[in-house]
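S.K.: In case you want the letters, here they are:
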Amino acid sequence: MPNRTWADDLKTNDEGRKSIPEGLWIRCPACASILFRRSVENNLWVCPECQHHFRVSAEQRIEQLVDPGSFEPMNAAMASVDPLGFVDLKPYTKRIEDAQRKTRQSDGVQTGRAFIKGRKVVLACMDFTFLGGSMGSVIGEKITRAIEAAADHDLPLVVISASGGARMMESGYSLMQMAKTSAALARFDDMGGLFISVLTDPTTGGVTASFAMLGDVILAERKALIGFAGPRVIEQTIRQELPDGFQRAEFLLEHGFVDRVVHRSDLRSEIGSIIDYTGK
Amino acid sequence: MAATETYTGTYVLPFEQPAVELEKQIEALESSEQASEYEEELSSLQRNRDSLLDKLYQQMTPWDTVRVARHPARPQTSDYIRMLCRDFRELHGDRHFGDDPSIITGLGRIGSHKVMVVGHQKGKTTPEKVACHFGCAHPEGYRKALLKMKLAEKYNLPIVTFIDTPGAYPGVKAEERGQAEAIATNLREMSRLETPIISCVIGEGGSGGALGIGVGDRTAMLEYAWYSVISPEGCAAILWKQSNEETNQLAASALALTAKENLANGLVDHVVQEPRGAAHRNPNEAATALERWITDQLSDLLRFKPQTLVQRRYEKLRRIGRLQEHGPI
Ligand SMILES: [Zn+2]
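The listed protein sequences correspond, in order, to chains A and B.
184 is the number that the working numbering gives to position 184 of the first sequence; each next residue is one higher, with no gaps.
96 is the number that the working numbering gives to position 96 of the second sequence; each next residue is one higher, with no gaps.
These are calculated hints, taken from the structure and not from any lab test.
Treat the hints loosely; a few may be bogus.
Stated by the list, open to error - Here are the computed lysine-lysine pairs in the DSS-like style, where the Cα-Cα straight-line distance is at most 30 Å:
#1 B:241 with B:260
#2 B:305 with A:90
#3 B:124 with B:24
#4 A:223 with B:173
#5 B:305 with B:114
#6 B:154 with B:316
#7 A:90 with A:102
#8 A:102 with B:241
#9 B:154 with A:223
#10 B:154 with B:124
#11 B:173 with B:129
#12 B:316 with B:305
#13 A:90 with B:241
#14 B:55 with A:94
#15 B:24 with B:173
#16 B:241 with B:55
#17 B:150 with B:24
#18 B:150 with B:124
#19 A:94 with B:129
#20 B:260 with B:173
Since we're looking at a predicted model, the values are computed, not measured.
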C-alpha cells in the first residue's frame, strides 16, 4: 500500500485552497472571511476571525520563530542530483528546477543555528512549498547533520516538520533517509540530547514514520493533519468516509501520540520553557 | 543447481505462459503409464523448458518481477521458517494490545545458530490472508517485533528478519494506535540494538512497513523480490495520475526496485540467487540458498563486539544518499 506522498496534495495546491494566495485581500479557507492580507501576515499567518493556521514557508517560519537576525544557515546550497534519472510525466530534474525557482531554496528544509527566546538551538524547518516537503537524500542529510551538530555542541534540537512523506523520485535512497535520521536520533538520545519535534500541517508518510515521531517532546500546531497513511489512501482501503477530525493534531493528542497542541503564537514560549526544564 | 521442478500450480504469470505450456506437456508425459518409453522426448522437453525459463527470466521487466514477488505460490516467512529453522518456538505477545498475525516472531535454530526470527506473514488461505491483512502489519505487529528483538539483545541472540509486505496497513485503527510512531521507534531502536541483525527481502519490500523490521547489519534481497519507497501502483496513481498496466510498468521501471538495481545503488548488500524459474518452482532450493547466506553472515558478524556492530551499522546508514553540496541556488 502506498504511503502518503507529497503529490497527494498537488490538487489542493492547484486549487489554491491551502497555500497562501496572492493579492491584497485573502479569503480564509476555514471560515471564509475576507481578510486584509497584511493583518494576517502580522498575525503569524493565523486567521484573526477563526484562528485557522495558514501553511507557511520555511523562510516565514524561521522569521516567526527565532530571535531577529539570529539564524545562521548550514548547508543551504545542498541540492539533489537525481540519482535514478527519474522521469514520470515530467523529469525530476525539471520538478527540482521549478521548485527551486518558485521557492528560491535549494530543497525542502532549512537548517541552522539560531536563538529562540534567548536559548541557543539547532533548528530545522521543513518547507511544504518545495515538492510537498518530500524527503529525499538532501532533506535526510540536512536533518542528520542538524542532529549531529546539536550532538556536537550539546544544543537542543528543534525540528518543524511539514511534509507529505518520502520523495518517490529517489525511491530507495529516500526510504533509507528514514533509517538514517532515526539512527542519528538514537545517538543523540544516548548522549542525553533534547529533541523538540513540532508537527505542522501536514506531516505524513515517511517523515512522520521517522524523525518527526521521535521527539522527546512532541508539539503539534492546532488542527494540523498528522498521520502515516494519507486520508485518501485510507478511504480507498476501507471504502468509507473518515470521521471528522481524523488525523488532526487534537486526534493525536487524544490517542497519546503528541504531548501538546499549540497555537502558533505560543510556539516560541512553549519551546523556550521546555528547554529551561531540561537544563539544555 | 538442482533439477527444476515442474510447476503445476494454477496461477500463471503472463510472461511465464510459454514455459507453462511446456510444463503441461512434461507433466502429461511424466504421468502417462508409458512414461519410460518417452524418456528421450521427456528430457528434450525439459531442456527446452529450462532454456526457455532462463530466457524469460532474463528478459522480464521490473513489473514482471513485482508480479513474481507476489506469486501466490511464492514461499512466505512461515515456509522459510519451516524449511530452514529447527525447533521454532513462536512468541506471540506484544504485552500491550493484541497479537498481529501479519508479523511472526519467535526463537529458532538456523544452522548451528540460535536466533530470533522476525518476519512479515501474508497468509496462505483466504481466512489467513484476511487475518494477516495480506501482509500489512498494524502498530502492534511492529511493537511485538521490537519487544522480541530486545529480548534477543538481552540474551545475545542474533536477529534474522524476513521482509515481505506491500506496506504497513493504512487504516483508521492503525492510525489511532500510532502506525507512524511504531515504525519510527523500530528504526531508531534497531539502529542501536547490540546484537547482529540480518534481513532479507523475500518477496515485497514495500516502503516504511518493510523498513520497520529491516534496519540491520546486512540486508539481502532474493533475486526476484522488490524493495522501494512505494509500490508501483501507488507511484503510478500519483505521478502518472492513474494506475493501469502501462503506468504500473513505467513506475516499476522508474523506481529501481529490483534486487539488481538496489544492489547496484548500494542500498542492499547481497542478492540471493533463486532457482531457475523463481522460488515458487522450487521453494527448497530457495531456502537452501537463503540459509547459506544467513549462516555465512551470522558467522561473520559474531566476530564483532556488539558496540562495534552498532558503530558500523550507523556508519553504513550514514553514507546513504546522493546529493551535491553546492547546487545552483
Ligand atoms: Zn478564518
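S.K.: Give a verdict on every hint.
M.R.: Each hint tested on the structure:
1. B:241 with B:260: 28 Å, holds
2. B:305 with A:90: 48 Å, violated
3. B:124 with B:24: Holds: residue 124 of chain B and residue 24 of chain B sit about 24 Å apart, inside 30 Å.
4. A:223 with B:173: 20 Å, holds
5. B:305 with B:114: 18 Å, holds
6. B:154 with B:316: 24 Å, holds
7. A:90 with A:102: Holds, at roughly 17 Å.
8. A:102 with B:241: 23 Å, holds
9. B:154 with A:223: This hinted pair is violated, its Cα atoms lying about 41 Å apart.
10. B:154 with B:124: Between residue 154 of chain B and residue 124 of chain B the Cα gap is close to 33 Å, so the pair fails against 30 Å, i.e. violated.
11. B:173 with B:129: Holds, at roughly 18 Å.
12. B:316 with B:305: 17 Å, holds
13. A:90 with B:241: 12 Å, holds
14. B:55 with A:94: Not OK: residue 55 of chain B and residue 94 of chain A at ~37 Å, beyond 30 Å, violated.
15. B:24 with B:173: 46 Å, violated
16. B:241 with B:55: Cα-Cα ~33 Å, so violated.
17. B:150 with B:24: 49 Å, violated
18. B:150 with B:124: With Cα atoms ~29 Å apart, residue 150 of chain B and residue 124 of chain B stay inside 30 Å; holds.
19. A:94 with B:129: 42 Å, violated
20. B:260 with B:173: Given pair residue 260 of chain B, residue 173 of chain B is violated - Cα atoms ~36 Å apart, limit 30 Å.
Hints 2, 9, 10, 14, 15, 16, 17, 19 and 20, counting from the list given before, are not met by this structure.
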